[in-house]
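Undergrad: As a plain string of letters, each chain reads:
Protein chains: 2
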Amino acid sequence: MALIVKKFGGSSVATPEKIMAVAERVIREKGPEDRIVVVVSAMGDTTDDLIDLASKIDECAAGREMDMLLATGEQVSIALLAMALQKLGHPAVSLTGGQAGIMTSPHHRKAKIIDIKPERVLAELAQGKIVVVAGFQGITASGDITTLGRGGSDTTAVALAGALKADVCEIFTDVDGVYSADPRVVAHARRMREITYREMLEMARLGAVVMQPRAVEMGSHCQVPIHVRSTFTNKPGTIIREGYTVEEREFIIRGVTHDTNVVKIAVLGVPDRPGVAYKVFSALAKANIDVDMIVQSIRNADKNINDIVFTIAKPDLPQARAIIAEVGKELGVLGIVVEENVAKVSVVGAGMLGSPGIASTMFGALADAGINIEVISTSEISISCLVRADRVKDAVNAIHARFFPEEQETN
Amino acid sequence: MALIVKKFGGSSVATPEKIMAVAERVIREKGPEDRIVVVVSAMGDTTDDLIDLASKIDECAAGREMDMLLATGEQVSIALLAMALQKLGHPAVSLTGGQAGIMTSPHHRKAKIIDIKPERVLAELAQGKIVVVAGFQGITASGDITTLGRGGSDTTAVALAGALKADVCEIFTDVDGVYSADPRVVAHARRMREITYREMLEMARLGAVVMQPRAVEMGSHCQVPIHVRSTFTNKPGTIIREGYTVEEREFIIRGVTHDTNVVKIAVLGVPDRPGVAYKVFSALAKANIDVDMIVQSIRNADKNINDIVFTIAKPDLPQARAIIAEVGKELGVLGIVVEENVAKVSVVGAGMLGSPGIASTMFGALADAGINIEVISTSEISISCLVRADRVKDAVNAIHARFFPEEQETN
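First to last, the sequence lines map onto chains A and B.
Take the first sequence: its letter number 64 is residue 64 in the UniProt record's numbering, and every next letter is one higher.
Take the second sequence: its letter number 127 is residue 127 in the UniProt record's numbering, and every next letter is one higher.
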């Protein structure tokens, strides 16, 4: 007699036929005593179509009216899914975010869930109904409709699962779980049976976005196990939870990720005096540019000048280049070098803290493959190396082969 | 410093360009101190498209889920219109039916407005905003979304105008007012400056549907003047109100209407005994078939048998035919004759009660045009004649010419 929240994304409900397939699956998987809540996104490209429609009126429409508009997308899909469940003979009811008690902050288009009032959902479940809830949306204390921003439906599902004290939140998606590396890059990548919230967040930060980090954080906050599984198959996927249920973990490293969406900027010949690094990075922060890896090295101790090297996301390059040029001029630096042919390869694993030698294994794998490391950075549960972009796939494969010998099974 | 509710239908907001045009008009017509509420329908064919979408899941989807679906149509148009008003520099806010306090009965797809809580609308108006409200929809006491059925947006507008004690409710439509006859039939039909609720209702009942009768009834109930005017021009249309503001009414007859959506059924040789008419008409009533004109005449006094002739709407014919065949057999009638080549022509005017000779003028006009009258029926403010359908246009013109001599002006 489980309480399960299931979330289906836009591509799973893109057509009436697909909605019917979702309804069939939900009913098929439901135990006689199970209580089921289904969270859905807008059908297919509906949200983008609505944004296009609004842009014909105003390219920069206000958030409140935009949310009013966008919320219709999920409202259509919940109505249709409830109809489909009823058509198949199962009592069902659709609820908007507001009706489901998803209370949010008033920050339109990027509202945060601040409370969930689950009474209505619980009452409908108690009547034996499958409850279909609109993802991505909520309501403010004053009754205005809000949307949660990117990945919002995942967040709705996990938060609702937390408020309902659900046994599990199942996220149905187009991949069948979390892999030890991108299966398109590493042929022998393994599907993980389990992974911790923290590892999942770190993998997402380092390029492996299976789920939006916000939803994972929400899962960690509410301590709801999140089961990432495929819309297209019935086999189990990966469960994201606080710790491991299996007694022995065979793999300290949970995944090898890579990220090609990076650019390296080197500021050469920066005067070595207090406040210089602050000047460079506060200018970038003011422009909302996230700086990732940072290395400062001594260029010439006699002349008291250093080199500062850092990485940013590719789309930020034009803005960052202008900012750094200005700051560089002010500081009288020797030069600025931008390198776009770079990528980041990382290993992630909560167990690496207690396991010395992870870094050297990683560096060894890269050295044996003849791949040069340009920058290194580490966190508590990850190690990242910047390499040349044209060698990143080799790098991932070399590292993966070292940490995941082919004959072994995961977990 | 007027408070005005304006309603624009689906064809007025069918595209982003048309929505922008509505926004421009609303701002242009607004006096500096005016408080404006705009009620809009769903864009163009949106409602039909949503019904089609639902039918791909379930031909007979439940009302609650259907309302959840259909309500998105108006939600899209209010968001876009509010964006358009803001884009043009005027503060605006969109409100769903529920947010605007439109409280309804829980009868999905045909809910009745039972209360309006205008606090939010008044608060937004007090802040100088143009308030855009979704027509056609409301919310139940338990927070479920309902729709009001046919003509629902007009009803929303008029009811809201009543609750806000608005000075006038302007209904923008594709005709520029209420005419003394259908201008497509009568070249010299005149636009009325004023007409009473009661006359308008009677004209609608008799075939001239400019506005849904429910909205007119609501106007009468709330005593809100309704101004029916064109979306495409700026000239004034027709004001529907309780009485006339002009001192002298030149025309006792306000309109000549016609209705070709009728069928005549004659039940011949019905036994003349108590309860027979009840038997015939209660069987039709049970099947929800509206009977309009009824005439009973003596066929043969010696044999104690009568003929009963009545009219119904065309779409009800197949069902009515089956019912009458069965009842007729039971009663042992002589025969049943269905005549489809009929149409109803009527004159409507609240003043006819105190003006004898209206009926004879009408009959004279028909006689002079060589048109035979098959059935006559009267109400307090109307007289209707059933004529052959192929003569109905001649009939309308003949009667109109008699009551509205060409040289005179209306009102």
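Some hints here could point you the wrong way.
Since copy identity is lost for identical chains, a pair holds within one copy or between any two.
Calculated pairs, BS3-like style, for lysine-lysine (alpha carbon to alpha carbon, straight line, at most 30 angstroms) [unchecked claim]:
| # | residue 1 | residue 2 |
| --- | --- | --- |
| 1 | Lys30 | Lys87 |
| 2 | Lys329 | Lys87 |
| 3 | Lys112 | Lys329 |
| 4 | Lys117 | Lys235 |
| 5 | Lys56 | Lys129 |
| 6 | Lys87 | Lys314 |
| 7 | Lys110 | Lys286 |
| 8 | Lys112 | Lys87 |
| 9 | Lys112 | Lys303 |
| 10 | Lys112 | Lys235 |
| 11 | Lys30 | Lys129 |
| 12 | Lys87 | Lys56 |
| 13 | Lys18 | Lys30 |
| 14 | Lys117 | Lys56 |
| 15 | Lys393 | Lys129 |
| 16 | Lys303 | Lys87 |
| 17 | Lys393 | Lys56 |
| 18 | Lys129 | Lys329 |
| 19 | Lys110 | Lys87 |
| 20 | Lys30 | Lys56 |
| 21 | Lys129 | Lys87 |
| 22 | Lys303 | Lys329 |
| 23 | Lys129 | Lys314 |
| 24 | Lys30 | Lys117 |
| 25 | Lys129 | Lys112 |
| 26 | Lys303 | Lys165 |
Just so you know, the hints here were simulated from the structure itself, not pulled from any lab data.
Undergrad: Determine for every hint whether it applies to the structure shown.
TA: Checked hints:
| no. | hint | in the structure |
| --- | --- | --- |
| 1 | Lys30 to Lys87 | within (16 angstroms within a copy, 49 angstroms between copies) |
| 2 | Lys329 to Lys87 | neither (69 angstroms within a copy, 41 angstroms between copies) |
| 3 | Lys112 to Lys329 | neither (40 angstroms within a copy, 71 angstroms between copies) |
| 4 | Lys117 to Lys235 | neither (33 angstroms within a copy, 52 angstroms between copies) |
| 5 | Lys56 to Lys129 | between (40 angstroms within a copy, 22 angstroms between copies) |
| 6 | Lys87 to Lys314 | neither (48 angstroms within a copy, 33 angstroms between copies) |
| 7 | Lys110 to Lys286 | within (20 angstroms within a copy, 55 angstroms between copies) |
| 8 | Lys112 to Lys87 | between (35 angstroms within a copy, 27 angstroms between copies) |
| 9 | Lys112 to Lys303 | neither (50 angstroms within a copy, 84 angstroms between copies) |
| 10 | Lys112 to Lys235 | neither (33 angstroms within a copy, 49 angstroms between copies) |
| 11 | Lys30 to Lys129 | within (12 angstroms within a copy, 49 angstroms between copies) |
| 12 | Lys87 to Lys56 | between (37 angstroms within a copy, 11 angstroms between copies) |
| 13 | Lys18 to Lys30 | within (18 angstroms within a copy, 48 angstroms between copies) |
| 14 | Lys117 to Lys56 | neither (37 angstroms within a copy, 33 angstroms between copies) |
| 15 | Lys393 to Lys129 | neither (48 angstroms within a copy, 57 angstroms between copies) |
| 16 | Lys303 to Lys87 | neither (79 angstroms within a copy, 57 angstroms between copies) |
| 17 | Lys393 to Lys56 | neither (42 angstroms within a copy, 45 angstroms between copies) |
| 18 | Lys129 to Lys329 | neither (66 angstroms within a copy, 49 angstroms between copies) |
| 19 | Lys110 to Lys87 | between (35 angstroms within a copy, 22 angstroms between copies) |
| 20 | Lys30 to Lys56 | between (44 angstroms within a copy, 24 angstroms between copies) |
| 21 | Lys129 to Lys87 | within (13 angstroms within a copy, 44 angstroms between copies) |
| 22 | Lys303 to Lys329 | within (18 angstroms within a copy, 117 angstroms between copies) |
| 23 | Lys129 to Lys314 | neither (47 angstroms within a copy, 42 angstroms between copies) |
| 24 | Lys30 to Lys117 | within (25 angstroms within a copy, 42 angstroms between copies) |
| 25 | Lys129 to Lys112 | both (28 angstroms within a copy, 27 angstroms between copies) |
| 26 | Lys303 to Lys165 | neither (62 angstroms within a copy, 81 angstroms between copies) |
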